[in-house]
Amino acid sequence: MVISPVHYIAVPLLAAFTIPLLSKYIHKELARIVPGIVLLYSVFVSIVLMMQVSEVGVISEKIAGWSAPWGINLVFSPFSGFLASLMSVVGFLIWLYSYNFKKIEQEQSQKYHILQMMMVTGAIGIVLTGDIFNLFVFMEITAITAYSLTSFYRERDGAEAGFKYLLIGSFASVMILLAVMILYTQLGTLNMAEIAQKSHLMPTSIKATVLVLFLIGFGIEAEMFPLNGWAPDAYSQAPGPIGAAFAGIVVKAGVYALIRVIFTLFDIHGAYDFLIYGGLITMIIAETAAVAQTNLKRMLAYSSIGQMGFVLIAFGIGTKTAIVGALFLMFNHAVIKSLLFMSGSYLTYNSVSKKISALAGLGKKLPIVSILFGLGAFAIVGLPPFSGFWSKLYVLTAAADQNMLLLIMAILAVSVIEIIYYFRVVSTLYYGKQEEEIEVQKPSINAMVSMLVLGATIIVVGVYPDIVTNFFDSAADMLLDKASYIQAVLTQNIN
Amino acid sequence: MQDFEQYNSIITTGVYGSAIALILIGLYAVLIKKHLIKIVIGLSIIDAGVHLLFVAIGYIKGGTAPIFSPGNEDAAQQMVDPVPQALVLTAIVIGFAVTAVALSLVIRLYKHHNTARIDQIKSLKW
Amino acid sequence: MKKVLVLVLLVIVGYFLTDTFNLIPFGENRIGNPQDEETVAGYYLNNTAEKTSVANTVTAIVVNYRGFDTLGEVTVLFLATTGLGSILFRRKEDEEEIERINKPSSSLMQTGSRVLFPLIALLGIYVFIHGHLTPGGGFQGGAIIATGFLLMLISYKNFKAGHTMLNWVESIAGITFVTIGLWGLLTGGTFLENTLPAGELNNLISGGVIPIIYIAVGFKVAAELTGVLDILLNIKPKK
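Residue numbers (the numbering used here), protein chains in the order written: chain V, 1 to 495; chain E, 1 to 126; chain S, 1 to 239.
Mixed in with the good hints, there may be bad ones.
[Unchecked claim] Listed next, the in silico SDA-like pairs over lysine to any residue satisfying Cα-Cα at most 25 Å (straight line):
(1) V:K102 / E:H112
(2) E:K33 / S:L5
(3) S:K157 / E:I37
(4) S:K2 / E:K111
(5) S:K2 / E:Q85
(6) E:K38 / S:K160
(7) E:K111 / V:Q108
(8) E:K34 / V:I168
(9) S:K160 / V:I216
(10) V:K198 / S:R114
(11) E:K61 / S:I24
(12) S:K160 / S:T179
(13) V:K198 / E:Q85
(14) V:K24 / V:E107
(15) V:K103 / V:I371
(16) S:K160 / S:R114
(17) E:K33 / S:A143
(18) S:K2 / V:I216
(19) V:K102 / V:I371
[What the hints assert, rightly or not] Each pair of labels, with its calculated beta carbon distance range:
(20) V:T288 / S:K2: 23 to 33 Å
(21) E:I37 / S:G188: 20 to 30 Å
(22) V:I268 / S:K51: 36 to 46 Å
(23) S:T179 / E:K34: 43 to 53 Å
(24) E:I10 / S:M109: 33 to 43 Å
None of these hints come from the bench; they were simulated from the model.
Ideal placement from N, C-alpha and C gives every residue a C-beta, glycine not left out.
Given these sequences and hints, build the entire structure.
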């Protein structure tokens, strides 16, 4: 059997349906182990497909034997494949981290692992699909698992954060459904390559309407201002590893959908400026809000929103250097933010308030975790020689090439703000005086391994950025070249 | 067929208008009402309006159901668009699933705070 | 004040929607000439009868052409049930005698629902078995069966829709669906390909794997909807 993109989706689904039976009648531990095996298989599939795609270019697989546009197809291109691989690796590391997370009670852990596995699968589905209604369905899969996981703990305000997320997320779904509807009446097809091909046939007013609806819908998922009100609550109330999953996986899928609509489906030039302004406003407001936060996870959430704003700016600049920078930023953000959430979760484990002041002096009690958190903080503000430095450099270079001086100044100003609030946390870790006597929870071996893997990635990529930038070059080329996407999907159609 | 032309705008207004009216009523409920269950009902009404709109755009004048029953096998010319119907089928089920999760969250909130009114459950900053 | 703002917003949204949909004439023939096959719908209408031997085009679209969407949707239902279970989870200490909150219903209702329930279940099973021949299919049939269960749940205080059986039905149906898909992959084709012979139009046994998938979907939807109703109706209020 040939390894193809559908394995990313079919194998986790089979596992999800089988786990309730397995865990009840064979062994209870299977509920926690099987998702890990499945996610590891996804990583394996990623490696195989990435090697294939570097030779072939784009892998387009048809489902149910009907070629696009009459059937649905999955597209593994350098851009979407890179995101899918990133998500599967981060997803696996999050499983590893939360395998025996003590805060999750034994009976609940089966549901937790199924939901977490399906959230990763749903996000991978969003980036791999070539059909716009299928994208909607996978978005709903991701959303439902996200709502349930946000409200997982009983003791916190999870239900309220989850309900708010649900209301705003449903609104996003309605917007997207309306957009798909109007698009279908004009073009008669749901396949993204065909929409890209035929989009010039739509009258401009309707095209504008559809674009606005898509921007609102996907902007909510990508946490653009002013549509991101749900995010800080959801990130802070969810269990720690799930916060990492939101930041590292779910929001990337939202950004991918937004970019796909703007770059491939519509290609309207005003949209690029919109990305720059929208991203800039998001970044400034979110990072400023982050300074005012006293709760560690809320601070990380606002920082995440700001980073996504930065990514949108990079995509908006639109030159090849900028897109390479954007992809690099997405990669770094997934790795670094997950590490920050994972280590932050252990740092605030036993504190009720989760405030930054509660971290005082933990640098001595939890040395490795603190070092990892510090590493993440340095990397994300862009200090060399860590990976974050290179991605910021790419974007700033691209902005300089376009003579966008104000933009450069804004980005640098925001970087200073980031340095302020991250270093505040790090200094509290090492130099603060402890107010409450908190008992620390040492992380288990598997959690430590996940965090160390992420930390090592930051260092390795920082020292040898070429490992990834060569790849991003071809991905950026692909993204900018709409015609090659259309051609690859509509004519290639290999099994 | 001239009678149909005359009433066409009324039918159009009627169908599109009622679907849009449903969406607006649902939106009103979600934004104004304070009781959580009423908010969830509003969400459900918005879904109903959107689905109605979706099926409506698939209609073709004088068309019939897209089923090739015996004796009707060559009637492809006179059938309505089957694709919106298939898509709405999926969308309805998804809407149901989201409503179920929403209601379970409402139950959790009620048990925790002993009230189901959103103005009394505001521990998180908006 | 807030009400006024919201009403203004509603007027704007309503105007925006009406304006857009005025540009989309109702009843206009957007498929064009189905012989042209320019739109996806034209292709479906023209080729379903020959290629898949399924009379109901909507079924063919839902299960075959866009079967991946259906798989996603079935997953959404499954995840909703799982999410429901995790959100409303009760620890063993809080476990109380499960008692419904409602008053016992009248004897008319109790007798009537006992008579109607098997008929409703039969109708539901008929609808999803014949999904490829007549209007209806897995989702519709499953919803009908779940309505029958709801009737029983409302009428009788002690009616329990056996959770073990529901879980088994749900899992087996889901596994069937994905296995049929993987079977297509294993026999050298694509995922969810129609690997069985298509047969003749308008026969009960026609359409290859389509009726089988739809029957599995019907059972799964019935089991899941009933499970959701059962969980939601069995919440004991806080003392």
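Results of checking the hints against the structure:
no.: 1; hint: V:K102 / E:H112; result: holds, 23 Å
no.: 2; hint: E:K33 / S:L5; result: holds, 14 Å
no.: 3; hint: S:K157 / E:I37; result: holds, 24 Å
no.: 4; hint: S:K2 / E:K111; result: violated, 29 Å
no.: 5; hint: S:K2 / E:Q85; result: violated, 38 Å
no.: 6; hint: E:K38 / S:K160; result: violated, 28 Å
no.: 7; hint: E:K111 / V:Q108; result: holds, 19 Å
no.: 8; hint: E:K34 / V:I168; result: holds, 16 Å
no.: 9; hint: S:K160 / V:I216; result: violated, 44 Å
no.: 10; hint: V:K198 / S:R114; result: violated, 56 Å
no.: 11; hint: E:K61 / S:I24; result: holds, 14 Å
no.: 12; hint: S:K160 / S:T179; result: violated, 31 Å
no.: 13; hint: V:K198 / E:Q85; result: holds, 23 Å
no.: 14; hint: V:K24 / V:E107; result: holds, 11 Å
no.: 15; hint: V:K103 / V:I371; result: holds, 23 Å
no.: 16; hint: S:K160 / S:R114; result: holds, 14 Å
no.: 17; hint: E:K33 / S:A143; result: violated, 30 Å
no.: 18; hint: S:K2 / V:I216; result: holds, 23 Å
no.: 19; hint: V:K102 / V:I371; result: holds, 22 Å
no.: 20; hint: V:T288 / S:K2: 23 to 33 Å; result: holds, 27 Å
no.: 21; hint: E:I37 / S:G188: 20 to 30 Å; result: violated, 52 Å
no.: 22; hint: V:I268 / S:K51: 36 to 46 Å; result: holds, 38 Å
no.: 23; hint: S:T179 / E:K34: 43 to 53 Å; result: holds, 48 Å
no.: 24; hint: E:I10 / S:M109: 33 to 43 Å; result: holds, 42 Å
Hint compliance for this structure: hints 4, 5, 6, 9, 10, 12, 17, 21 are not met, and every other hint is.
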